[in-house]
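J.: Spelled out, the chains give:
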Amino acid sequence: MTVNPFDLKSALLAKHAQHVVLIHFPIALFISSVVFDLLAIWNGSRSLSKAAYYNLIGAAITALAAVITGLLAWQLQLEGEKLRGNLRLHLGLGASSAVLIWLLAWWRTRQERADSSNLALGYWALSFIAVLVVALTGHLGGILSGVEVPN
Amino acid sequence: MKNTRWILGAVLTVLAAFAGITSTQHMAAKASDQPAAAEVKIDNFSFGPATLTVAAGTTVTWKNNDDVPHTVVSDDKVFRSKALDTDDKFSYTFTKPGTYSYFCSVHPKMTAKIVVQ
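From first to last, the protein sequence lines stand for chains A and B. The first sequence begins at 3 in my numbering and counts up one residue at a time. The second sequence begins at 17 in my numbering and counts up one residue at a time.
By construction, these hints were calculated from the structure, which means they are not laboratory data. Honestly, I wouldn't trust all of these hints.
Unchecked claim - With a cut-off of at most 20 Å between alpha-carbon atoms, the simulated SDA-like pairs for lysine to any residue come out as follows:
1. B/K93 - A/R90
2. B/K98 - A/Q77
3. B/K98 - A/R90
4. B/K98 - A/L85
5. A/K84 - B/K129
6. B/K105 - A/L89
7. B/K98 - A/L41
8. B/K93 - B/N81
9. A/K84 - B/T75
10. A/K84 - B/H123
11. B/K98 - A/L89
12. B/K125 - B/T75
13. B/K125 - A/K84
14. B/K125 - A/V149
Claimed, not checked - Derived, one-sided and incomplete: chain A residues facing chain B with beta-carbon distance under 10 Å:
15. V23
16. A30
17. A75
18. Q79
19. E83
20. K84
21. G87
22. Q113
23. R115
24. S118
25. L146
26. G148
Only a predicted model underlies this, so the values are computations on that prediction, with no experimental measurement involved. Cβ atoms here follow ideal geometry from the backbone N, Cα and C, with glycine treated the same way.
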């Protein structure tokens, strides 16, 4: 059952592995987006603000892939059984994270089209809530996957 | 006097051996009356023991001692547990001899096997 990390076929055909691999993209892209936004305010740089926007769009797209593969892992590896405990909590937090990222991406896209660089206070509040939820989801996912071992 | 000691020693030895054999037979008879059972512990992302040998008819029980959920799934789909939370158990009775390899579907690197004789 050991999968060679350099064996592309095994990696692609492993029923659950894609979620564990893909999930890192929306997490990294979203957190980078928030960091770029903060730097854009610090520097007053429009380029950094653009970078934040494109990172957020990347996070929104890859979040879709992470959600799909996460749901597939549930259906294929656990045969869609009713989840309990940490698995259910991870599902709920993951779904919330994805919705928050998509909501922010929609909000930000509207703002980009209006060519406005000032982000609303509500956008910042939602961003920080999303960072917390994403971090919590990732932490729980790390424990579930065995990357992080609980004390 | 010396011979009497030897005879007494020999008699005691024979009696002790007889008592031991009877006791072992009694225990064996008692054990065969009860259905055989064995346990596999799931701890620290591994099954213990990794290889368990049992007689046909034995019921094996897996207990999850980890803080994260695990499953018990045989490679050839003979048995499959639900996600086991901490302290949850799953049992399966092996009626046919053979080697049953299994893994945790949440953490496929966790593998082990049951050898049924």
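J.: All the hints need checking, so say for each whether the structure fits it.
T.: Each hint tested on the structure:
Under the criterion of a C-alpha separation no larger than 20 Å, the hint pairing B/K93 with A/R90 is inconsistent with the structure, at around 25 Å. The hinted pair formed by B/K98 and A/Q77 meets the criterion: a straight-line CA distance of about 12 Å does not exceed 20 Å. With a CA separation close to 14 Å, the supplied pair B/K98 and A/R90 stays within the 20 Å bound. A C-alpha spacing of about 9 Å is found between B/K98 and A/L85, which places the hinted pair at or below 20 Å, so the restraint holds.
Between the alpha carbons of A/K84 and B/K129 the distance comes to roughly 27 Å, so the proposed pair goes past 20 Å and is violated. Proposed proximity of B/K105 and A/L89 is supported: the alpha carbons are some 17 Å apart, at most 20 Å. At roughly 47 Å between alpha-carbon atoms, B/K98 and A/L41 are farther apart than 20 Å, so this suggested pair is violated. Distance check on the hinted pair: B/K93 and B/N81 sit about 24 Å apart at the alpha-carbon level, beyond 20 Å; violated.
Restraint check for A/K84 and B/T75: the C-alpha separation of about 26 Å exceeds 20 Å, so the hint is violated. Of the pairs offered as hints, the one joining A/K84 and B/H123 holds, with about 19 Å between alpha carbons and a cut-off of 20 Å not exceeded. Restraint check for B/K98 and A/L89: the C-alpha separation of about 12 Å stays at or below 20 Å, so the hint holds. About 24 Å separates the Cα atoms of B/K125 and B/T75, which puts this hinted pair outside 20 Å; it is violated.
With a C-alpha separation of about 24 Å, the suggested pair B/K125 and A/K84 falls outside the 20 Å cut-off, and the hint is violated. Restraint check for B/K125 and A/V149: the C-alpha separation of about 12 Å stays at or below 20 Å, so the hint holds. For A/V23, the suggested interface contact is broken, since its CB lies about 14 Å from the closest CB of chain B, more than 10 Å. Nearest Cβ of chain B to the Cβ of A/A30: about 23 Å, over the 10 Å cut. The hint is violated.
Here the hint on A/A75 is kept, as its CB sits about 9 Å from the closest CB of chain B, short of 10 Å. Look at A/Q79: its Cβ gets to within about 4 Å of chain B, closer than 10 Å, so that hint holds up. With a least beta-carbon distance of about 5 Å to chain B, the hint placing A/E83 at the interface is held under the 10 Å criterion. The beta carbon of A/K84 is positioned within 10 Å of a beta carbon in chain B (closest approach about 9 Å), and the interface hint is therefore held.
Satisfaction of the interface hint for A/G87 is found here, the shortest Cβ-Cβ separation to chain B being roughly 5 Å, below the 10 Å cut-off. Because the closest C-beta pair between A/Q113 and chain B is about 40 Å apart, greater than 10 Å, the hint is violated. Restraint check, A/R115 versus chain B: the minimum CB separation of about 43 Å is more than 10 Å; hint violated. Using the Cβ-Cβ criterion of 10 Å, the hint placing A/S118 at the interface with chain B is not satisfied: the shortest such distance is roughly 45 Å.
Proximity of A/L146 to chain B holds as hinted, the smallest CB-CB distance being about 6 Å (cut-off 10 Å). The closest approach between the C-beta of A/G148 and any C-beta of chain B is roughly 5 Å, which is under the 10 Å cut-off, so the hint is satisfied.
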